[in-house]
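All chains, full assembly: derive it from the sequences and hints.
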Amino acid sequence: MAQVVVVTSGKGGVGKTTSSAAFATGLAQRGKKTVVIDFDVGLRNLDLIMGVERRVVFDIVNVISGEARLNQALIRDKRVDTLSILPASQTRDKDALTREGVQKIIDELSKDFDYILCDSPAGIEKGALLALYFADQAIVVTNPEVSSVRDSDRILGVLQSRSKRSEEKRDPVKEHLLVTRFDPARVERGEMLKLEDIREILSIPLLGVIPESESVLRASNTGTPVIMDGESNAGQAYADAVARFLGEEKPHRFIETEKKGLLKRLFGGRAA
Amino acid sequence: MSAAPRPETSPRLEPFRLRGANFNLLVLRLLDPRPEAVVPAIGDQFRRAPGFLRFAPVVLGLGDLEVPASAVDFQGLIEGLRGLEIVPIGTTGGTPELRNAAMAFGLPPIRSAGGKEIEEPAPAPAAVSAEPVAAPPPPPPPAGMARPTMIVEQPVRAGQRVWAQGGDLIVTSTVNAGGEVIADGNIHVYGALRGRAIAGGGANADARIFALNFDPELISIAGYYAVREGLTGAPIGKAVQVRLTGERMRFDPLG
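Here the protein sequences come in this chain order: A and B. Heads up: the first sequence begins at 1 in full-length UniProt numbering, then just goes up one per residue. Heads up: the second sequence begins at 1 in full-length UniProt numbering, then just goes up one per residue.
Worth flagging that the hints you see were computed from the coordinates, not collected in a lab. Here the structure is a predicted model, which is why all the values come from computation and not from measurement. Honestly, I wouldn't trust all of these hints.
Example chain B residues on the side facing chain A (calculated, C-beta under 8 Å, incomplete) [claimed, not checked]:
| id | residue |
| --- | --- |
| 1 | Pro155 |
| 2 | Ser173 |
| 3 | Ala177 |
We put the beta carbon where it would ideally sit given N, CA and C, even for glycine.
Here it is as structure tokens:
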């Protein structure tokens with residue numbers, strides 16, 4: 001059986017789609033058969049970030065309404081052959097998604113894939129609820145900022161009460177915290193929430209911290225998931241997070257200001 | 001529907017006060033006495049709004065049951081409902097025989113304020129388990145007997161609301177900003193209290209709020225409340241006990 005993983009956040013613009021693309025690619029690079037589904041019907045973006053926007057013929061709504069078969073709509077990635085993308089529709093709205101339709105798609109994908117990533121839209125309305133409904137695991141994407149943390153807290157509550165697992169009283173959805181756009185210098189200046197504070201409020205295991213990086217925007221604009229940029233901090237941080245997701249132990253990197261953090265540790269970090 | 005407890009006066013001055021209060025309660029009218037028929041059907045229904053009905057107190061309506069008391073499995077019903085995080089707190093309607101049977105399982109008859117009255121409940125049968133049934137002193141409103149303390153071990157998150165009806169509430173984790181905890185009795189938070197805490201139902205002025213890390217959005221006891229902006233004098237971030245003295249809220253450091 002495939003693992004269904006929702007990438008969600010509550011708030012918009014925190015990096016759900018970037019993280020979905022990076023995670024899906026990372027899992028596929030490690031040989032896992034992975035499909036990533038864009039649930040943001042009406043505002044599809046995942047295909048752009050994945051660089052397949054010119055290959056979209058059919059989308060998830062076509063499949064649900066029976067206008068296309070699932071394998072007609074799936075786009076096989078050209079860089080990693082164990083990776084597929086199921087795009088969202090640009091022209092329809094979220095009402096075109098139905099629970100039964102999504103269930104059928106997930107059941108069918110479960111036969112062929114190890115991981116099904118669901119890239120959730122923002123908010124806690126229908127699209128977001130459907131994206132998380134079937135989840136076995138959830139990656140909650142949060143920025144070091146109060147409103148983002150509050151919305152993530154809210155979505156965690158929704159996961160606990162409105163997922164299929166909670167309704168069937170099975171083991172709860174496994175939750176992972178992914179902090180993105182983290183800027184240690186701004187945290188030090190008190191302009192961003194500290195990592196400990198975020199962890200304390202959300203109290204779920206930390207999967208990774210992705211540093212704020214220009215490489216993310218560059219990657220988005222060129223349609224290359226940032227995890228493929230092995231030079232960039234953000235790419236490496238995503239690779240670490242994928243490794244942790246698969247059960248490896250990795251120390252967290254990029255969470256302290258560079259050099260200064262090291263010097264401080266050497267020369268009286270206690271004073272700080 | 002609302003239940004109106006009898007307002008009574010206390011003989012002494014300060015040990016406690018009893019006041020009448022009206023509560024809006026959901027009545028679950030049983031049309032079938034079998035738990036195996038009722039519980040799954042409710043599960044389906046309530047599932048559509050699980051957050052809303054979490055720990056919701058309900059009154060069991062017995063008026064539609066035309067069976068002898070022996071045919072109703074109250075134990076099974078109570079367990080089934082609690083399994084769905086719905087808390088039955090009493091009964092309304094039905095034959096005296098049915099009401100007495102329910103009382104043996106800790107579900108006292110509740111009088112509805114506007115509707116038909118049921119006659120005063122007979123004294124509780126002697127064999128009512130270990131729960132002390134307050135017979136001669138007036139029973140506390142609204143359920144008529146001590147209710148177990150509700151313990152919540154998960155963080156109460158933004159948008160979540162936990163209500164300990166008729167008793168105390170203990171949260172062993174945190175109450176996050178945007179979360180809400182309500183109890184008719186006291187509230188204990190053995191973590192950070194960053195959301196709203198409403199103790200003492202509508203009337204229990206002796207209820208208190210305890211928090212290890214006091215950082216709330218709003219605090220209310222027995223209808224008196226203070227928002228964060230007004231808490232300038234309170235020891236924010238400390239372990240704190242909140243109580244009412246007269247009409248003022250008092251914040252004392254703990255430990």
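Here is what the structure says about each hint:
1. At a threshold of 8 Å, the smallest CB-CB gap from Pro155 (chain B) to chain A is about 5 Å, leaving the interface hint in force.
2. Among the interface hints, the one on Ser173 (chain B) holds; its C-beta lies about 7 Å from the nearest C-beta in chain A, closer than the 8 Å criterion.
3. Residue-level restraint check for Ala177 (chain B) holds (minimum Cβ-Cβ distance to chain A is 6 Å; threshold 8 Å).
The structure shown violates none of the earlier numbered hints.
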